[in-house]
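For reference, the chains in residue letters:
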Amino acid sequence: MSVARTTADRPAPLRRRRAGRRQELFWGAVFLAPVLVSLVVLRIVPAVGAITSSLYKAFPGGIIPATYAGLANYRSLFADPGFNATIVRTIVFNLIINPAQILVALLVAVLLVQRIPLVGLWRTLMFVPVTIPIVGSCIAWGAALNPEGPVNAIISALGGDPQPFFTSPGQALASIMVIASWIGIGYWMLFLVSGLQAIPEELYDAAKIDRAGPVRTFLSITIPMLRRPLLFVLVADTVANFVLFVPVQLLTGGGPQSSTTLLMFEAYRTSFAYGSRNLGAAQVVLLTAIMLFFVLLQFRLLREEGESS
Amino acid sequence: MLGAVAALGTTALLATACGGSDASSSAPSAGGWTVPVSDPTATINVLSHLSLKNDKMQDVIDAFQKAHPTIKVNFETIPFDSLASTIDARVANKDGSPDVYWADQPRISALAARGEAEDLTSAFSQYKDTFAPTAYDAGVYQDKLWALPIANSTQLLYYNKDLLKKAGLPEPSASVDQRMTWEQLTTDAKKAKDAGAQYGFLFGQFDRYYQLEPLPVQLGGSPGASGDGNLTPDFSSDAWVKALTWYGSLFADGVAPKGVTSEQTDPAFLGGRAAYMVEGPWLLPQLKESKVDWGVAPQPVFEGGKPATPTGSWSLAMNPFSKQKEAAAIFIKWMAVDDGGGGYIKYLPAPELAASTEGKQVYFAKDVFSSPQGKDAATIIDFETSSTAVNRISTIGYIEFETIMNQMFADVRNGADPKSAIDASTAQLKTAWQKYQ
Numbered sequence: 001m002s003v004a005r006t007t008a009d010r011p012a013p014l015r016r017r018r019a020g021r022r023q024e025l026f027w028g029a030v031f032l033a034p035v036l037v038s039l040v041v042l043r044i045v046p047a048v049g050a051i052t053s054s055l056y057k058a059f060p061g062g063i064i065p066a067t068y069a070g071l072a073n074y075r076s077l078f079a080d081p082g083f084n085a086t087i088v089r090t091i092v093f094n095l096i097i098n099p100a101q102i103l104v105a106l107l108v109a110v111l112l113v114q115r116i117p118l119v120g121l122w123r124t125l126m127f128v129p130v131t132i133p134i135v136g137s138c139i140a141w142g143a144a145l146n147p148e149g150p151v152n153a154i155i156s157a158l159g160g161d162p163q164p165f166f167t168s169p170g171q172a173l174a175s176i177m178v179i180a181s182w183i184g185i186g187y188w189m190l191f192l193v194s195g196l197q198a199i200p201e202e203l204y205d206a207a208k209i210d211r212a213g214p215v216r217t218f219l220s221i222t223i224p225m226l227r228r229p230l231l232f233v234l235v236a237d238t239v240a241n242f243v244l245f246v247p248v249q250l251l252t253g254g255g256p257q258s259s260t261t262l263l264m265f266e267a268y269r270t271s272f273a274y275g276s277r278n279l280g281a282a283q284v285v286l287l288t289a290i291m292l293f294f295v296l297l298q299f300r301l302l303r304e305e306g307e308s309s
Numbered sequence: 001m002l003g004a005v006a007a008l009g010t011t012a013l014l015a016t017a018c019g020g021s022d023a024s025s026s027a028p029s030a031g032g033w034t035v036p037v038s039d040p041t042a043t044i045n046v047l048s049h050l051s052l053k054n055d056k057m058q059d060v061i062d063a064f065q066k067a068h069p070t071i072k073v074n075f076e077t078i079p080f081d082s083l084a085s086t087i088d089a090r091v092a093n094k095d096g097s098p099d100v101y102w103a104d105q106p107r108i109s110a111l112a113a114r115g116e117a118e119d120l121t122s123a124f125s126q127y128k129d130t131f132a133p134t135a136y137d138a139g140v141y142q143d144k145l146w147a148l149p150i151a152n153s154t155q156l157l158y159y160n161k162d163l164l165k166k167a168g169l170p171e172p173s174a175s176v177d178q179r180m181t182w183e184q185l186t187t188d189a190k191k192a193k194d195a196g197a198q199y200g201f202l203f204g205q206f207d208r209y210y211q212l213e214p215l216p217v218q219l220g221g222s223p224g225a226s227g228d229g230n231l232t233p234d235f236s237s238d239a240w241v242k243a244l245t246w247y248g249s250l251f252a253d254g255v256a257p258k259g260v261t262s263e264q265t266d267p268a269f270l271g272g273r274a275a276y277m278v279e280g281p282w283l284l285p286q287l288k289e290s291k292v293d294w295g296v297a298p299q300p301v302f303e304g305g306k307p308a309t310p311t312g313s314w315s316l317a318m319n320p321f322s323k324q325k326e327a328a329a330i331f332i333k334w335m336a337v338d339d340g341g342g343g344y345i346k347y348l349p350a351p352e353l354a355a356s357t358e359g360k361q362v363y364f365a366k367d368v369f370s371s372p373q374g375k376d377a378a379t380i381i382d383f384e385t386s387s388t389a390v391n392r393i394s395t396i397g398y399i400e401f402e403t404i405m406n407q408m409f410a411d412v413r414n415g416a417d418p419k420s421a422i423d424a425s426t427a428q429l430k431t432a433w434q435k436y437q
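Protein sequence lines correspond, in order, to chains A and B. Heads up: the first sequence at position 309 corresponds to 309 in full-length UniProt numbering, and the numbers run straight through without jumps. Heads up: the second sequence at position 96 corresponds to 96 in full-length UniProt numbering, and the numbers run straight through without jumps.
Calculated directly from the structure, the hints in this document are not laboratory data. Treat the hints with care, since some could be wrong.
SDA-like, lysine to any residue: derived pairs with alpha carbons at most 25 Å apart [unchecked claim]: (1) B:K430 / A:P162; (2) B:K430 / A:F272; (3) B:K323 / A:I63; (4) B:K435 / A:A273; (5) B:K419 / A:A85; (6) B:K258 / A:P162; (7) B:K144 / B:D228.
Taking the hints into account, I'd like the entire structure generated from these sequences.
Here's what the structure looks like:
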């Protein structure tokens, strides 16, 4: 506004308005530029780069120039049963961990907005795992779940059989889910708590007058009113879990027997450990495509629900 | 035919002796430089996983600067885990830095095939006979030399005399002709554990190909791959199944612990908690400082098998884009060959097994070998490095190979059926190696 006033010496009001509009656009562009530039540099350029790179083939390592190979990388990936199993595993992993994390985070959030004593302390305790660097918590959990570690000592003391955890193909991925959720639940809970606190108290009062029970209140008031934070949490959690990497790299290296080889870890290993940058780029493109599919699906489901109500 | 043409080209270039600082942007192939008689004035960048301070590389570099005052060494340390990817990225920059880098011996074929190592054949192949054969061969790919070895390694069986006495077990013989069998070791280690040892037996490096490759080889198996360029997975023979079955039984029977990592094995033996351990000579100086009453014997062999022991260490390679090839060559030669078996072995304070025969004598003269057990160790090390050592497989696909092998060993350790672990890993490696076919 102040900018428009400084150049307000034009005769015709229409032209003045048009000039002001142009000025506004100009300054709008200036202020948006950092965001737009970083969007292009940090998002679009690498995405285009990954897609382009995935269409080339090169000898591993960085010296010998790559040659155009079309969809050869994708064809060889899909011809590999191991890679197909990795895709299925990644999707199943996400279909379990995302709803589970959000459900638990929501239940904890609902519990922690009730009038219970020391509520601040409980909220802090739930949030503490988030503040620990993930590498640190992975190392600690790795030690705790060691076959001869403290968790098995407790299980044995209580009369149970020691569990293999990370060393058995049947439990390793589940153990990773537990660690990821230990960190994730407290984090997503925080968003849901603030969402819950934003729901007007009158709605609950009205429900009470209508003699709605707690379940009915939860389903008809809490959930619909929480749609926005829920959508955000769902999308952000899905993205976070599709690119989950540190626990796999630190604790299992993709094993035992490939049971924890998720797509993100596979792409890292292909690109950096094996030096096959182009094949790794193809894996990243596929990972992004699958992730986008799920995210768009979530947007769609939650929006349609919104329109029908 | 191609080799002959290349050799002719090399000779022609050598004859014209056009000097080393060729600043062209494409990788110049062999030739164009020689090891000069007088030192040039230059600064070379050297990349290693060793550090000046903790690993005392400063002593080595100081000694080099004293011998070659006009060549300044700019020494850079990168953690072991990221060394390979750092070399990959830095050499690909084509700016010539680092001039010299530490090359993990089994990765040399890949470095050469990727164009990340300079051909050293004409400059250094004349020193072939000064090295242990396996150490020199580790630097050879397609009949050319790409890196010069500066160190070597082997493995020995250490035992804790107190724990053996407690179990009423005889001490294994230090003689290389009276090698213990793995079968006997397994039985005795179990007895020692029953008599109170926390661990019956430890490998220094569980689940690692370096440590475990000799097991199937002792039984007549291949080192893991065969065929053209060693790019065909070859570890499903009976020898491999038998070796892996034995490895898995160590953990199933409680002779070796499931949850101990390779970083925890040395402290366990040095703390008197393990009866037997197979580990490298780097344990010797630490044993000298410890309170353990220890003895040493050659690494065991399977009943009816032929002795085979791990070997290999580090070499030095040159960046093909280096602008200081002559100075770099002087540095490599001084480290590996000069001063009676290599400046690296001579001036590094910690005893490090040499790759050269002369350097081995420098190594054996260090004071860890003066005790009776030290003398036993020296005799065994000398014998194993020259008679029973088997190199890790030489293939341009080594990185994928080692990653998948180590995972397979870990799976067997965790109770996977050896045969199905072998089949799964074979399939995985076939896919990973497709790009080289």
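These are the hints, each one checked on the structure:
About 36 Å separates the Cα atoms of K430 of chain B and P162 of chain A, which puts this hinted pair outside 25 Å; it is violated. In summary, the hint linking K430 of chain B to F272 of chain A is supported, as the alpha carbons are separated by about 19 Å, within the 25 Å threshold. For the hint linking K323 of chain B to I63 of chain A, the alpha-carbon distance of about 17 Å falls within 25 Å, and the restraint holds. Taken as a hint, the K435 of chain B and A273 of chain A pair is honoured in the structure, with Cα atoms around 15 Å apart against an allowance of 25 Å.
Our distance criterion of 25 Å between C-alpha atoms is met by K419 of chain B and A85 of chain A, whose separation comes to about 21 Å. For the suggested pair K258 of chain B and P162 of chain A, the alpha carbons sit about 13 Å apart, so the restraint of at most 25 Å is met. With a C-alpha separation of about 17 Å, the suggested pairing of K144 of chain B with D228 of chain B holds against the 25 Å cut-off.
Violated hint for the displayed structure: number 1, the only one.
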